[in-house]
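Protein chains: 2
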Amino acid sequence: MATLTVPSCVPSPAEDCEQLNKAFSGWGTNEKLIIDILAHRNATQRNVIRKTYSELYGHDLLVSLGKELSSDFERSVLIWTLDPSDRDAVLVEETMRKWKPCNHGVLVEIACTRSCDELISIRKAYQTRFKKCIEEDLAVKIKGEFKKLLLPLVTAYRYEASEGANMALAKSEAKILHQKISDKAYDDDEVIRILTTRGKYQLRATFNHYTDGFGTELVKDLECDPKNEFLAALRATVLSTKCPTTYFEEVLRHAIKRTGTDEGALTRVVTTRAEVDLELIKQEYMKRNSVSLEIAVMKDTRGDYENMLLALLGHKDT
Amino acid sequence: MATLTVPSCVPSPAEDCEQLNKAFSGWGTNEKLIIDILAHRNATQRNVIRKTYSELYGHDLLVSLGKELSSDFERSVLIWTLDPSDRDAVLVEETMRKWKPCNHGVLVEIACTRSCDELISIRKAYQTRFKKCIEEDLAVKIKGEFKKLLLPLVTAYRYEASEGANMALAKSEAKILHQKISDKAYDDDEVIRILTTRGKYQLRATFNHYTDGFGTELVKDLECDPKNEFLAALRATVLSTKCPTTYFEEVLRHAIKRTGTDEGALTRVVTTRAEVDLELIKQEYMKRNSVSLEIAVMKDTRGDYENMLLALLGHKDT
Chain A
13 MATLTVPSCV PSPAEDCEQL NKAFSGWGTN EKLIIDILAH RNATQRNVIR
63 KTYSELYGHD LLVSLGKELS SDFERSVLIW TLDPSDRDAV LVEETMRKWK
113 PCNHGVLVEI ACTRSCDELI SIRKAYQTRF KKCIEEDLAV KIKGEFKKLL
163 LPLVTAYRYE ASEGANMALA KSEAKILHQK ISDKAYDDDE VIRILTTRGK
213 YQLRATFNHY TDGFGTELVK DLECDPKNEF LAALRATVLS TKCPTTYFEE
263 VLRHAIKRTG TDEGALTRVV TTRAEVDLEL IKQEYMKRNS VSLEIAVMKD
313 TRGDYENMLL ALLGHKDT
Chain B
13 MATLTVPSCV PSPAEDCEQL NKAFSGWGTN EKLIIDILAH RNATQRNVIR
63 KTYSELYGHD LLVSLGKELS SDFERSVLIW TLDPSDRDAV LVEETMRKWK
113 PCNHGVLVEI ACTRSCDELI SIRKAYQTRF KKCIEEDLAV KIKGEFKKLL
163 LPLVTAYRYE ASEGANMALA KSEAKILHQK ISDKAYDDDE VIRILTTRGK
213 YQLRATFNHY TDGFGTELVK DLECDPKNEF LAALRATVLS TKCPTTYFEE
263 VLRHAIKRTG TDEGALTRVV TTRAEVDLEL IKQEYMKRNS VSLEIAVMKD
313 TRGDYENMLL ALLGHKDT
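Chains as they are written, first to last, in this note's numbering: chain A, 13 to 330; chain B, 13 to 330.
Derived from the structure by calculation, the hints contain no laboratory data. Just so you know, these numbers come straight off a predicted model, no measurement behind them. Heads up, a few of these hints could be off.
[Stated by the list, open to error] If you only want the chain A side, here are some residues facing chain B, beta carbon under 10 Å, derived: (1) Leu68; (2) Cys128; (3) Asp129; (4) Ile132; (5) Lys144; (6) Ala180; (7) Lys183; (8) Lys187; (9) Thr208; (10) Gly211; (11) Gln214; (12) Glu275.
Note that the Cβ used here is the ideal one computed from N, Cα and C, for glycine as well.
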């Protein structure tokens, strides 16, 4: 359930490009016009607009946007306009280049909430853009237990069919997870193996067996030490695999509630989910915070950035 | 340069199926007819024959072949008839199921001599056939240093473009490899990282820098302990990445020269390379052994198995 709204009658790509070019011309930039066009076109339409713009004006639309816009608004428009696989490749590269353990979420959520074929497209887009493969960068830039978790997570091509989770296996692996977590052996080979190689449906069965067998959720058991970033990465792996909607609601909640909004996370979740499941995430946000995500965004952001996010959130007045 | 020969005028798939069905009927099986057809059809043609056979006779051609044939001949025909990605998936599964460190070659050669897109097709074929993913089986069945090498090797999606190997990087990583190999730190993280994540062209530049800088080939430096199977796996990784033709010649040479032919390896190399580069491997074999691969095969095998291999080797009289 996406939040993206596309008008029933969409102008031709050439008309959109002409309007965008107009928005860049003369005194000042017409930010509203940019939002009106780009925030209401789907990925295929945006790709055609970029291609047409390049043919008509001889340079990349993203370069023009970069010259005209600035700050969080610029980033939200640029990140949104990119093709989804290319966008994820950019997010992955940026996260690895500026690697800090507290930024594990970007890599975990891309690895765990995209389909296996989407992950392959992201790896292809990464090669096209950066002339190297994700795993060679990851293996150089990320060390220790984080590498041990993230490398197999990002390179996985997991079994996705929903038929027939193996219940005996789920039970035995729930037991292994419980034993290792109880022993605080968080980066144990078996924990990593289970979380990074089993398919999503199999893992959900394992998490259910964990709850049934041990009377507590695995996610809860991974909350025992809030300062342990690796534990947080494991928890993100489990939560984003178990229920992406709940995971993304939590990322948004933390981005908005902390002192000084985390615009990076806010932009990332809104732009990457607007065409996927942002409607469900909004419902989850409302349930959890008793305030709508739009209202929360209005309180925490302003100007063109606010308008861009609200447009992607499908807010009625934008 | 393939050795497979396909007649200039190929019968229709229905005619081929009719002939195959005839070969199975009456007293005894007409093995020659089976070879005449299947060993002279390319992968696409064999796929269409299987599909047509199933439509015409209501069961899988492979099942019929399995009932009629036996021993090494059976295996060579079945393995050959499979679609290449599916065939590799079968070889991978079989190797992991009956895992012995001395069988590392099958996994290493599939990971290092297939293109990254072929590797993805193999991973898809594995899921379709076995309802799970390669990495979850590999991570369960293979332990220790072999897992450390083979898991990233099989799951890699390496950068393949030939333009611009990074020479400074090649030099520095040749130095790392030399240091670690000198220290006998064969399963060191850095050795594994370099060999499993760098693209083939980059690695070849690294191997050249190794030779230039240290006066000996990396492959030679990995021959110091013939009894160390992990060292042999590293050597196979380097050799099959550096030069698949040389690697496959060596596998064939060892398969033929040892006491009692290694039919498993012989069948595997002939069937998996007949449509790819077996002509080059044959030339390499002739150079290295002063006898043609066909003559060597004739000396070491017999009957229908011999005829099947010779047909795939493009032998004139078959």
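Hints versus structure:
{"no.": "1", "hint": "Leu68", "in the structure": "30 Å, violated"}
{"no.": "2", "hint": "Cys128", "in the structure": "8 Å, holds"}
{"no.": "3", "hint": "Asp129", "in the structure": "9 Å, holds"}
{"no.": "4", "hint": "Ile132", "in the structure": "6 Å, holds"}
{"no.": "5", "hint": "Lys144", "in the structure": "5 Å, holds"}
{"no.": "6", "hint": "Ala180", "in the structure": "14 Å, violated"}
{"no.": "7", "hint": "Lys183", "in the structure": "16 Å, violated"}
{"no.": "8", "hint": "Lys187", "in the structure": "15 Å, violated"}
{"no.": "9", "hint": "Thr208", "in the structure": "8 Å, holds"}
{"no.": "10", "hint": "Gly211", "in the structure": "7 Å, holds"}
{"no.": "11", "hint": "Gln214", "in the structure": "8 Å, holds"}
{"no.": "12", "hint": "Glu275", "in the structure": "32 Å, violated"}
Going through the hint list in order, the structure does not satisfy hints 1, 6, 7, 8 and 12.
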